[in-house]
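Novice: Each chain is listed here by its residues.
There are 2 protein chains.
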Amino acid sequence: MGSLSARSFRSEAAAELPSAEARRKYRAGHAGVSTAGVAPGFVQGNLAILPEKLAGAFHRFCQLNPKPCPIIGMSEVGDPRIPALGLDLDIRTDLPKYRVWRNGELVEEPADIMSHWRSDLVAFVIGCSFSFEEALMADGLSIRHIDEDRNVPMYRTSVACEPAGPFAGPLVVSMRPFKPADAIRAIQITTRFPAVHGAPVHFGKPEQIGIADIGKPDYGDSVTIAPDEVPVFWACGVTPQSIILESRPDFAITHAPGFMLVTDLRNSEFSIQ
Amino acid sequence: MGSLSARSFRSEAAAELPSAEARRKYRAGHAGVSTAGVAPGFVQGNLAILPEKLAGAFHRFCQLNPKPCPIIGMSEVGDPRIPALGLDLDIRTDLPKYRVWRNGELVEEPADIMSHWRSDLVAFVIGCSFSFEEALMADGLSIRHIDEDRNVPMYRTSVACEPAGPFAGPLVVSMRPFKPADAIRAIQITTRFPAVHGAPVHFGKPEQIGIADIGKPDYGDSVTIAPDEVPVFWACGVTPQSIILESRPDFAITHAPGFMLVTDLRNSEFSIQ
Chain A
1 MGSLSARSFR SEAAAELPSA EARRKYRAGH AGVSTAGVAP GFVQGNLAIL PEKLAGAFHR
61 FCQLNPKPCP IIGMSEVGDP RIPALGLDLD IRTDLPKYRV WRNGELVEEP ADIMSHWRSD
121 LVAFVIGCSF SFEEALMADG LSIRHIDEDR NVPMYRTSVA CEPAGPFAGP LVVSMRPFKP
181 ADAIRAIQIT TRFPAVHGAP VHFGKPEQIG IADIGKPDYG DSVTIAPDEV PVFWACGVTP
241 QSIILESRPD FAITHAPGFM LVTDLRNSEF SIQ
Chain B
1 MGSLSARSFR SEAAAELPSA EARRKYRAGH AGVSTAGVAP GFVQGNLAIL PEKLAGAFHR
61 FCQLNPKPCP IIGMSEVGDP RIPALGLDLD IRTDLPKYRV WRNGELVEEP ADIMSHWRSD
121 LVAFVIGCSF SFEEALMADG LSIRHIDEDR NVPMYRTSVA CEPAGPFAGP LVVSMRPFKP
181 ADAIRAIQIT TRFPAVHGAP VHFGKPEQIG IADIGKPDYG DSVTIAPDEV PVFWACGVTP
241 QSIILESRPD FAITHAPGFM LVTDLRNSEF SIQ
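Listed in order, the protein sequences are those of chains A and B. Per the working numbering, residue 1 is the first one in the first sequence, and the count goes up by one each step. Per the working numbering, residue 1 is the first one in the second sequence, and the count goes up by one each step.
Source of the hints: derived by calculation from the structure; they are not laboratory data. No residue lacks a Cβ here, since even glycine has one placed at the ideal position from N, Cα and C. Warning: the hint list may mix true and false statements.
[What the hints assert, rightly or not] Here chain B is said to cover these stretches of chain A; the calculated rule only asks that three of the stretch's residues, wherever they fall, bring their Cβ under 8 Å from a Cβ of chain B:
#1 184-198
#2 201-213
[Said to hold, decoys possible] Listed below are the simulated EDC-like cross-link pairs for lysine to aspartate or glutamate, each with C-alpha atoms no more than 20 Å apart in a straight line:
#3 A:Lys179 / B:Glu229
#4 A:Lys205 / B:Asp182
#5 B:Lys205 / A:Glu148
#6 B:Lys205 / B:Glu229
#7 A:Lys205 / B:Glu229
#8 B:Lys179 / A:Asp182
#9 B:Lys205 / A:Asp228
#10 B:Lys205 / A:Asp149
Generate the whole structure from the sequences, applying the supplied hints.
Specialist: In structure tokens form, the structure reads like this:
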């Protein structure tokens, strides 16, 4: 063992995790179809990268809006590593697909952002509902959009986020329909995951939170709601992206929808009991 | 201090509790209007007394139906004391008002049951929603029937309890209306109280659990439900009483509605976190 440091030893151990394996594949250029179902049990995150001049205000925005914007990791200014999420992680290469934005316009969808990286960039990784969906399914609950092989339906609401600097706008929610008894169980389970959106923010009548047509989500796909089911709404990690883009920063990078950052954290680490 | 035993010392300390004070008043014959609001912070319970020949089946019934029938204390056969709920407690005198039943018919409503006590009787004390209502109010939620100065509305449902011996019948639920976000909070709070009915069993459409008219409760009073509110239903401690009386035992004693047993347990002891 001799010169092997504790850090490099941990790094090697981490390199054997399915999450680290997935990142190595993405780093080598294999994008796949999405990260859904990749490295089960490991936390996946939304990515938002901003120039330092905007990063402080965005960080405050997340602090003020923890339900839609739970930060699970962030980089130092100009540093592409986030060792807390994976010792070998390089945020410039380890996602399968990125989106590069200039003045709020999508300009490129590259497989890596080596050529876009700058010394003033800060990366934010924000929790994602995949973490609690796994816990719901482990408890025997069905997730409709998974059963119907669609993306989760997401809606812009009439609920305003707390503003910070240039960042302001509506809360975006994701929706999963359940029978009432299952909705009660889903509330109990997701309450255990405050760091990944936590308990729902609303259930029942969509118009109470400004959703005009439940059949027409603003993002993702619509799903079936049976007559004996109620729609249950969770704060959604699309909120910060939607708000970043609405504020039209001169430069931003995000993950491409469905192509998340796969981390070495385990979903179970986010359960508070 | 000399001959003062640990037990009698505890008993004296308990005698100073507001709950013990209330029991002493009831013992002396002061019934009051109900036990609502008496000894805030202390657990109140439903009372059911049965002959030993039925007590085993009733105990099994409670075991099989813990949400409506959480037993928080019971006596030895023929013993009127339940020291776990109050060292000085005498179940024959310490409630303000009782009901005596023969073959399912109410025959008397006495202030004590000294003349009815028998060596074959077993007393069951069953948790009551007062415990979690206090926690809901402490969190800033309004309880409609308290605001409207009425009894909580209760309904017989189409949900069958698990039967045991002669005891079988429908689940009775209590209903409190909330806006959805407050209902979510109420679910979180009452989940912490599994020993006093715990989380709701249903919310939303009353007909899904066999309630034909939400405006006509089977017990208690109806309350206002605003258009932006949903009815939320909890398993109710009236279930065991309703089921005992439907099975028409030759002899039973219960508390009179609203005149509960005040115990020395604290509501906070029933919170699991």
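Novice: Against each hint, give a clear statement of whether it holds in the structure.
Specialist: Verification of the hints:
Here the stretch 184-198 of chain A counts 4 residues with a CB under 8 Å from a CB of chain B, which clears the bar of 3, and the coverage holds. Under a criterion of three residues with beta carbons nearer than 8 Å to beta carbons of chain B, the stated coverage of the stretch 201-213 of chain A is upheld, 6 such residues being counted. For the suggested pair Lys179 (chain A) and Glu229 (chain B), the alpha carbons sit about 18 Å apart, so the restraint of at most 20 Å is met. The hinted pair formed by Lys205 (chain A) and Asp182 (chain B) meets the criterion: a straight-line CA distance of about 14 Å does not exceed 20 Å.
The hinted pair formed by Lys205 (chain B) and Glu148 (chain A) fails the criterion: a straight-line CA distance of about 26 Å is larger than 20 Å. Distance hint between Lys205 (chain B) and Glu229 (chain B) is fulfilled; the C-alpha atoms sit about 12 Å from each other, no more than 20 Å. With a CA separation close to 10 Å, the supplied pair Lys205 (chain A) and Glu229 (chain B) stays within the 20 Å bound. Restraint check for Lys179 (chain B) and Asp182 (chain A): the C-alpha separation of about 19 Å stays at or below 20 Å, so the hint holds.
Note on Lys205 (chain B) and Asp228 (chain A): the hinted pairing holds, with a Cα-Cα distance of about 8 Å set against a maximum of 20 Å. With a C-alpha separation of about 29 Å, the suggested pairing of Lys205 (chain B) with Asp149 (chain A) is violated against the 20 Å cut-off.
Hint violations for this structure: numbers 5 and 10, all remaining hints satisfied.
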